[in-house]
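Student: Each chain, letter by letter, is given below.
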Amino acid sequence: MILTVNGQKREVNADPNMPLLWVIRDILGLTGTKFGCGAAQCGACTVHLNGEAVRSCVTKVNRAAGQEIVTIEGLSASNNHPLQLAWNELSVPQCGYCQSGQIMSAAVLLRENPHPTDQDIDDAMAGNICRCGTYQRVREAIHKAAAMPMEGAKL
Amino acid sequence: METNGVSRRDFIRASGLAGTALCLGFYFPANAKKAQLVSANAAEATGFEFNAWMHIGTDGKITLTDHRAEMGQGSYQSVPQIIAEELEVDLKDIDVVFAKGDPKKYGSQITGGSSTIRGSYKRLLMLGATARQMLIMAAAAKWNAPVADCYAQAGQVIHRPTGNKLHYGELVADASKLTPPKDVPLKPMSDYKLIRKPLKKLDTPMKTNGEAIFGLDKRLPGMLFASVERNPRLRGKLVSFDSTAALKVPGVKQVFKVQMMVFNTTRDGVVVLADSTWAAMQGRKALKVTWDETGFEHVNTVDIYKSHQELLKTKEGLSVKKQGNPDAVLDKPGKKLDVIYETPYQSHAAMEPLNCIAHYQSDKIEIWGPIQAPDWVQGDISDKFKMPKEKVVVNMTFLGGGFGRKAFLDYPQEAVAISKQAGVPVQVVWTREDDIKQGPYRAGISYRGQGAIENGAITALKFKMAGQNIDHWSGPGRGKPNGSTTEGFLNPYFESIKNISFADVPYEMPLPNMWWRSVYASTNGFAYESFINEMALLAGKDQLSFRREYLKDERCQRLIDRMEEVSGWKARKKNEGYGVAITECFDTTVGQVVKVSRNAAGKIKIDKVWAVMDCGWYVNPDIIKAQVEGSVLMALGAATTHEITFKNGLVEQNNFYDYLMPRITDMPTVEVHIMENTADAGGVGEPALPPFAPALTDAIFDLTGKRIRKLPFNMNAV
Amino acid sequence: MKKLSIITCIAIVIAAITLSFRPQPVKEISYKAPAKDSIGSVKAFMAVYKVLMSARCMNCHPAGNSPLQGDDSHIHTMNVTRGTDGKGMYTARCSNCHQAENTAGLHMPPGNPKWGLPPANMRMVFQGRTPRQLALQLLDTKQNGGRSKAQLIDHMANDDLVGWAWHPGDGRTLPPLSRAAFAVQVRQWIAKGAYAPSAKAK
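Residue numbers (the working numbering), protein chains in the order written: chain A, 1 to 155; chain B, 1 to 718; chain C, 1 to 202.
To be clear, the hints were calculated from the coordinates, so they are not data collected in a lab.
Beta carbons: idealized from backbone N, C-alpha and C, even for Gly.
Careful, some of the hints might be misleading.
The following residues of chain A were derived to be distant from chain B, with all beta-carbon distances above 10 Å [stated by the list, open to error]: (1) Met1; (2) Pro114; (3) Thr117.
Short, incomplete list of chain C residues facing chain B, as computed with Cβ under 8 Å [stated by the list, open to error]: (4) Ile75; (5) Asn79; (6) His107.
Using the sequences and the accompanying hints, generate a full structural model.
Tutor: Below is the structure:
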């Protein structure tokens, strides 16, 4: 089947039931998208499927056939999506493992709601677990990114 | 970006710069207490193997080695930040690589006990200062000028009288031939340009675009992915397995029995190897396995705590520390308190599930993974697989959290065993369920606190703890009291309270247990500091001024001043929901004030957490703040949302749907304050965890009159 | 589960008692049908009610803005909210986790192509509704998505998302009636006059 990943058409020969996560990581070799729970509980595997923040660990690859997928590697041209800039500005990551998912989730929030309130952030981001406890900075960074122009974004 | 260790030989081979780089490192002779600072040239002359801790090339490019694991606590930033300060270079001119496991080259590498900075900072300062001095000496010789007329700044040596400048790169050829000078003077703290500044972390950019390579992200040519169905019981044996269906799953290559060694016990498993993680997991689901269920204690959580209570009520236990005679005081009538606190078993549940890559070859074993203790893994694998240490190469990747679990040796050993039998490199991937269900866990511990008050003052304190002892897993220690019984409790109490005793009532249970962030302080702190709060109430005093009377030490007094000041402690009203606790952990003292209230729905809500940390000498205040924020959240989860329980000896939790992590909606506002002083460095990654639970429950008591002595508790049900 | 069955037992007993009270017709039905039978109609509705209030149905017809989860109908973790179209908000869109079919395994996300809550402007709350309140609500075109009685029957008997309740995936209990038996009761309730139980029915 053909997937469009980060703007590039990729031919994939995989079990149609294989979750998109493992296709992305083990077949396409894009390891920025993480495995955290395999049960849509933690959000570490979040990618954009036609612009929606799907949990790739429970999304079978056949759902993505012929569709547009964006992973953390393709969120911006040079790590310059406003969220990436804000994440760097505020030193959000600790271990960093959940952060691809946090950023991919936050990107959908900002697209839908360019100036989210704290409540909006709660409504959007509670599906992404961070064991290191970076939530306070995630919140600040989303507010900070909301105040930046969307130049680096490629959504 | 991948960050493997670079030996000088590799580096020289790669760069073709033989003899023209300044390489400095330490040599840790087995019998010497002090590390020796050596240069590569000297190392070659004396013939011992050398790994550059610091490498400066003729292009001026600086490569520094991080000898510790980076699991979110910031060593990748703080180690170079220290060296760069004395070396007089900008952080942006530095590349950081992770060391391989080798205690001879790096000393202890275990990232645990919050030890990265407190254990190495003086050595790291000296490393930077010595290299700088050698570069200055080389420049002075070139200019034929006195060394005293030269100084270093921003990667250059400058001749003060003429303003002549030479880049480090132009000096390394000469500098590398010098003998490292001894006792180079270090900068006074007031001259620091990098240390104590909130510099941005070097690893952040690669953690925002997916570039950082964690253990699970590493790939080797020809590598197979492995998933292991393990006996749900430690020491559990395999009776038989049927791999017919598993081998039919497309992508599955091999299925065989494997044993994971956990100290002196083993856990049988059946491994499925495949060309993708998913295929391995599917193959595993298709296995039919029969386990030996006999000979296990089918323990239930409720029985564990019943046994603890029984022990605490009937046994005096083994004395750990005793002064005066608390029993004599407690025998007399008067104002007394006698209560029991209970803390739960906890999983580390790092976001990156356990995983490890091993490549077993006949003459070499190489490992890549999220590993907290590469030197231990090297020693252990060398031992178990009869391979000389120098042939066991342990590469650290970034760790997606560790919290103590990734300092364990079981999962690398299992990966090597699998690679050995499979004959190919393998990546063993644990599922979240494996990670949560197989332990080892922070042990659940119960405590009994007894105390007496006379004239508003403590006249006796008696603490006993009952719970599994980690030391009993590593072999020795049985029959001896748990030396960590007093961890978390502040030393100055021993100065001011005449009659104190701590005892450990040994409790044995064949459940695997292990260090968990802040180790015993994480549970001790809850019991001891809750008890101090209860004693303050009994004495009719407010919790902070009560502590002032006992913590006479000057640093403690200042810490309390700061806690009062930042939290508005004195302006608070009665029963407004303020709680407090102060604990010590890994040479750092942290005090926290927690404020709670009820929200519109009548549920308890944490309004604010004020944390004051006294960790002495420190590197990066922003990393400290992040560590405190994270410690508070981890403590909140352990106190209110998750615990590991056992039914018939099996773990009842599976994944994040029944081991519930706090989410962004649960994050309280944490305000962090750092005490400024010149004392020796203490730990940063763990010490802010222990005081949170006792401060929170104290705040809830202040608001509601309800004293919580058992963790975890449901905040929505208070 | 035990609690639920006790509650439903009580509900049946109470329903039986209340049947002796005179229920009121909701409104005149306009088509020829089997003779009106208020007792039979209400009895059928009480059977329907038990199904609608089971976790499989009620969890997506919550009183608040968050869906419910599990046989104990706890509030969905992750602070999931309804959104305007009932399909969630921002990052927490239902279909981000819930696929077109159930994901295999215990506690894995159940799925259906139409997975979601009723939209914000037509919330169709079941949770907390008494039998009478729910019957009136179901028949009120302003509250039932503009459905005629025939459409209501069709929805309950044939809708694919409603039908998910009988194929809920691993580890989830089924509603107390089979789908066919449920459809029979819905038809009878309507056919016999679409009476709402008395206010005292529980």
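Student: Does each hint fit the structure? Answer for all of them.
Tutor: Hints, verified against the model:
{"no.": "1", "hint": "Met1", "result": "holds, 15 Å"}
{"no.": "2", "hint": "Pro114", "result": "holds, 19 Å"}
{"no.": "3", "hint": "Thr117", "result": "holds, 13 Å"}
{"no.": "4", "hint": "Ile75", "result": "violated, 10 Å"}
{"no.": "5", "hint": "Asn79", "result": "holds, 5 Å"}
{"no.": "6", "hint": "His107", "result": "holds, 5 Å"}
Consistency note: the structure conflicts with earlier hint 4 alone.
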